[in-house]
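Required output: the full structure, derived from the provided sequences and hints.
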Amino acid sequence: MTFGFAERIARLVFLGAGLALLSGGPAAAVPIEFTDEEIARIASHGPWPPDWRGDPGNRASGNPAAIWLGQSLFFDARLSANGRVSCAACHRPRSGFQDGRLTARGLARGTRNTPGLLNVRHQRWFGWDGGHDSLWSASLRPILDPREMGGSAARGARLLKSSPSLACHYREAFGKPPSADDPDFLPNLAKAIAAWQETLVSPPTPFDRFREALADKDAAAAASYPQAARRGLRHFLGRGQCATCHAGPLFSNGEFGDIGVPFFVRPAGVDPGRQGGIKRLLSSPYNLLGAYNDDATRGNAVGTRHLRPEHRNFGEFKVPTLRNLTLTAPYMHNGSLASLRDVVRHYSELDEDRLHSDGERILKPLMLSAGEIDDLVAFLETLSPPAPPQPPLPPPGALPCPARR
Amino acid sequence: MRSPVPLSALAISALCLASTIASTHAAESKLPIFDAHIHYSHDAWDGTPPKAAIAILRKAGLKRAMVSSSSDDGTQKLYAEAPDLVVPSLRPYRKRGELSTWVRDETVIAHVEERLKKYRYAAIGEFHVYGADADLPVMRRMVQLAKQHGLWLHLHGDSDAVEHVIRQDPDARVLWAHSGFDRPEAVRAMLKKHRKLHADLAYRNDHTSGGKVDPAWREAFLEFPDRFLVGTDTFTPERWHYIVEHADWSRAWLADLPPDVAERIGWRNGETLFAAMMAGKR
Numbered sequence: 122m123t124f125g126f127a128e129r130i131a132r133l134v135f136l137g138a139g140l141a142l143l144s145g146g147p148a149a150a151v152p153i154e155f156t157d158e159e160i161a162r163i164a165s166h167g168p169w170p171p172d173w174r175g176d177p178g179n180r181a182s183g184n185p186a187a188i189w190l191g192q193s194l195f196f197d198a199r200l201s202a203n204g205r206v207s208c209a210a211c212h213r214p215r216s217g218f219q220d221g222r223l224t225a226r227g228l229a230r231g232t233r234n235t236p237g238l239l240n241v242r243h244q245r246w247f248g249w250d251g252g253h254d255s256l257w258s259a260s261l262r263p264i265l266d267p268r269e270m271g272g273s274a275a276r277g278a279r280l281l282k283s284s285p286s287l288a289c290h291y292r293e294a295f296g297k298p299p300s301a302d303d304p305d306f307l308p309n310l311a312k313a314i315a316a317w318q319e320t321l322v323s324p325p326t327p328f329d330r331f332r333e334a335l336a337d338k339d340a341a342a343a344a345s346y347p348q349a350a351r352r353g354l355r356h357f358l359g360r361g362q363c364a365t366c367h368a369g370p371l372f373s374n375g376e377f378g379d380i381g382v383p384f385f386v387r388p389a390g391v392d393p394g395r396q397g398g399i400k401r402l403l404s405s406p407y408n409l410l411g412a413y414n415d416d417a418t419r420g421n422a423v424g425t426r427h428l429r430p431e432h433r434n435f436g437e438f439k440v441p442t443l444r445n446l447t448l449t450a451p452y453m454h455n456g457s458l459a460s461l462r463d464v465v466r467h468y469s470e471l472d473e474d475r476l477h478s479d480g481e482r483i484l485k486p487l488m489l490s491a492g493e494i495d496d497l498v499a500f501l502e503t504l505s506p507p508a509p510p511q512p513p514l515p516p517p518g519a520l521p522c523p524a525r526r
Numbered sequence: 011m012r013s014p015v016p017l018s019a020l021a022i023s024a025l026c027l028a029s030t031i032a033s034t035h036a037a038e039s040k041l042p043i044f045d046a047h048i049h050y051s052h053d054a055w056d057g058t059p060p061k062a063a064i065a066i067l068r069k070a071g072l073k074r075a076m077v078s079s080s081s082d083d084g085t086q087k088l089y090a091e092a093p094d095l096v097v098p099s100l101r102p103y104r105k106r107g108e109l110s111t112w113v114r115d116e117t118v119i120a121h122v123e124e125r126l127k128k129y130r131y132a133a134i135g136e137f138h139v140y141g142a143d144a145d146l147p148v149m150r151r152m153v154q155l156a157k158q159h160g161l162w163l164h165l166h167g168d169s170d171a172v173e174h175v176i177r178q179d180p181d182a183r184v185l186w187a188h189s190g191f192d193r194p195e196a197v198r199a200m201l202k203k204h205r206k207l208h209a210d211l212a213y214r215n216d217h218t219s220g221g222k223v224d225p226a227w228r229e230a231f232l233e234f235p236d237r238f239l240v241g242t243d244t245f246t247p248e249r250w251h252y253i254v255e256h257a258d259w260s261r262a263w264l265a266d267l268p269p270d271v272a273e274r275i276g277w278r279n280g281e282t283l284f285a286a287m288m289a290g291k292r
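Chains as they are written, first to last, in this note's numbering: chain A, 122 to 526; chain B, 11 to 292.
There could be a bad hint or two in this list.
Claimed, not checked - Derived, one-sided and incomplete: chain A residues facing chain B with beta-carbon distance under 8 Å:
#	residue
1	383
2	384
3	385
4	390
5	391
6	429
7	431
8	432
9	435
10	436
11	473
12	474
13	475
14	477
Unchecked claim - Straight-line C-alpha distance at most 25 Å; calculated DMTMM-like pairs for lysine to aspartate or glutamate:
#	chain 1	residue 1	chain 2	residue 2
15	B	105	B	116
16	A	485	A	473
17	B	69	A	470
18	A	338	A	172
19	B	105	A	470
20	A	485	B	168
21	A	282	A	302
22	A	400	B	255
23	A	485	B	143
24	A	485	B	53
25	A	485	B	116
26	B	202	B	116
27	A	485	B	115
28	B	40	B	224
29	A	400	B	266
Calculated from the structure, these hints are not laboratory results. Yeah, the Cβ is synthetic: ideal placement off N, Cα and C, and Gly gets one too.
See the structure below:
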């Protein structure tokens, strides 16, 4: 008699549970096995990292001079109106490029939680409201926003002209000197910053190794994946239907949803979320339908061309990636949930009346037990690297120019 | 010696006056809207108190708003504040969270009967019911009470539920919330089959795109210009901040219809359907 792979995994896990009992560890007598269908669904969350071929809308994508320039600018507070706020002020490298605050704080306090930047190159829409359709245009907005950095073309040009190295790398990346009068100048700055952010990819996680072990039918390697995380993964795929939105290698379908999180903004008003984001995007001169998209085919603008705000978009926010969550608390668009346990509890106790019953309803209160909440949290924790990845630092100030190719 | 008023100041005053007249004229020339789908549930009361809520409805240029709430106290608060504007509808939910349980909870019947004795309404609803659940005792009693009090039933459900209700009372007056989220062809078929059935368009976008009316929906509106109403659906308190924008959005797509059809769908149908209530009769 031979066991199938799933059965062998189950036996190994059962053995592991027995050992845990003997050693006084947490009791877990129920073997966790995955069906072939579940294994196929688990496989859909990889491989990690996924293929990526550069951004056709950004001529600086993958350009070494632009990447160096972008990294320098990301950490340079002189881009801001008061000279004290850099991109890194909110996107802190050691925190998954998040800041740990409920809402961002640039020149003024913002209304949204700072999104992390790891793996940002794989996103389709940018920002909690998807108000941008490219990483470079999303990088330009905070530089100019008076509540964030309050910068300008003139300030940016002065900064680059004050530094031979920055100016040289700009020329190397874009084939002309920096000039505030050049309409391409601000988009080019943003394209350089985006080119650097495209390099921010997080390492494989315990989940990725488990997924690979399942794919390779390597029962021994799979056995190291914690029992609680397996139970949580099963809830994630099954009863929770979490993978409906948190799909693919990024654990996000890249779209937007209303999960019943209030979206009032103090002292009065609301954050319209995706509805406002669509309007903002369609009216922006920097969207992919505009003159600054470097993809001459405009093949990358199909999604933007078909966008129309709908009633349901009011109060919808981006389905975030679930990778690196242990680095990026607090959670939700307004930072209103402090911990992963709070997030899982939110889904467990969902207020159905806040969700419109338009068509098939995906979200239902999961009514999870305390143990089931622990399991889901344990699973989510395996989507982060066990140790924080080594954060990138500002580049040394005087790299030779032109940059090496 | 008085300083002469500079010409530039006079010019600015004249401009301001002209601008005020223009904006007043613009407000007056806006198509009135009968919003048939407003909720004012308990979690909206603190953030948007009754006076502020009514100010929003007036700012939106609503001629009238049919309001229902969980609990019904919200509706009564708004009705007391602006009886000229608010058309009360009795939602059978005593609190949030009864949306999917009410139809099997027979204590709802006594609650609805008590409210009907105490207050005046134009409708019972909006309530949620699907398929054969519309034949459960609670729903049957709602149909009886609507008949007894001459009220509309604001029903959020599928066409099957509507059929069950009309089988119970062929004269039942049903306002089909969201037009059942059904296709325009199916909505037309239902309207053709049931001459007292009316439909609201709340929370729908498929009938219009970029201010133009979808061809299939246009046929429905032109065939049944007296049977459709518009509505916002403020199902969360945040959506009170969407009423003004929704009214303007409605005006934009209605402008793509013949003016008399636009007026009927925009407000006249609501006035006609709920006229008895507004005149102070049962």
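Report task. Identify whether the interface hint at residue 431/A stands, where standing means a beta carbon of chain B within less than 8 Å of its own. Result -> Status holds, d = 4 Å.
Query raised in the report: Taking 8 Å as the limit, does the beta-carbon of residue 391/A come near enough to a beta-carbon in chain B?
Result: holds (4 Å)
Query - Satisfaction of hint between residue 115/B and residue 485/A, Cα-Cα up to 25 Å - result: holds (20 Å)
Query raised in the report: Taking the least C-beta to C-beta distance, is residue 473/A closer than 8 Å to chain B?
Result: holds (6 Å)
Report task. Assess, step by step, whether the Cα of residue 105/B is no farther than 25 Å from the Cα of residue 470/A, and give holds or violated. Result -> holds (16 Å)
Query raised in the report: If you take the shortest Cβ to Cβ gap from residue 432/A to chain B, is it below 8 Å?
Result: holds (5 Å)
Report task. Verify the proposed pairing of residue 485/A with residue 116/B, using a straight-line Cα cut of 25 Å. Result -> holds (24 Å)
Query - Hint check: 8 Å Cβ-Cβ cutoff, residue 429/A to chain B - result: holds (6 Å)
Report task. Given the hint that residue 485/A pairs with residue 473/A, test it: the Cα-Cα distance must not exceed 25 Å. Result -> Within the cut-off at roughly 7 Å; holds.
Query raised in the report: Does the interface hint hold: is residue 383/A within less than 8 Å of chain B, judged Cβ to Cβ?
Result: holds (7 Å)
Query raised in the report: Does the nearest C-beta of chain B fall within a distance shorter than 8 Å of the C-beta of residue 474/A?
Result: It holds, given that the least Cβ distance between residue 474/A and chain B is near 4 Å, below 8 Å.
Query raised in the report: CA of residue 338/A to CA of residue 172/A, is that 25 Å or under?
Result: holds (23 Å)
Hint compliance for this structure: hints 17, 26 are not met, and every other hint is.
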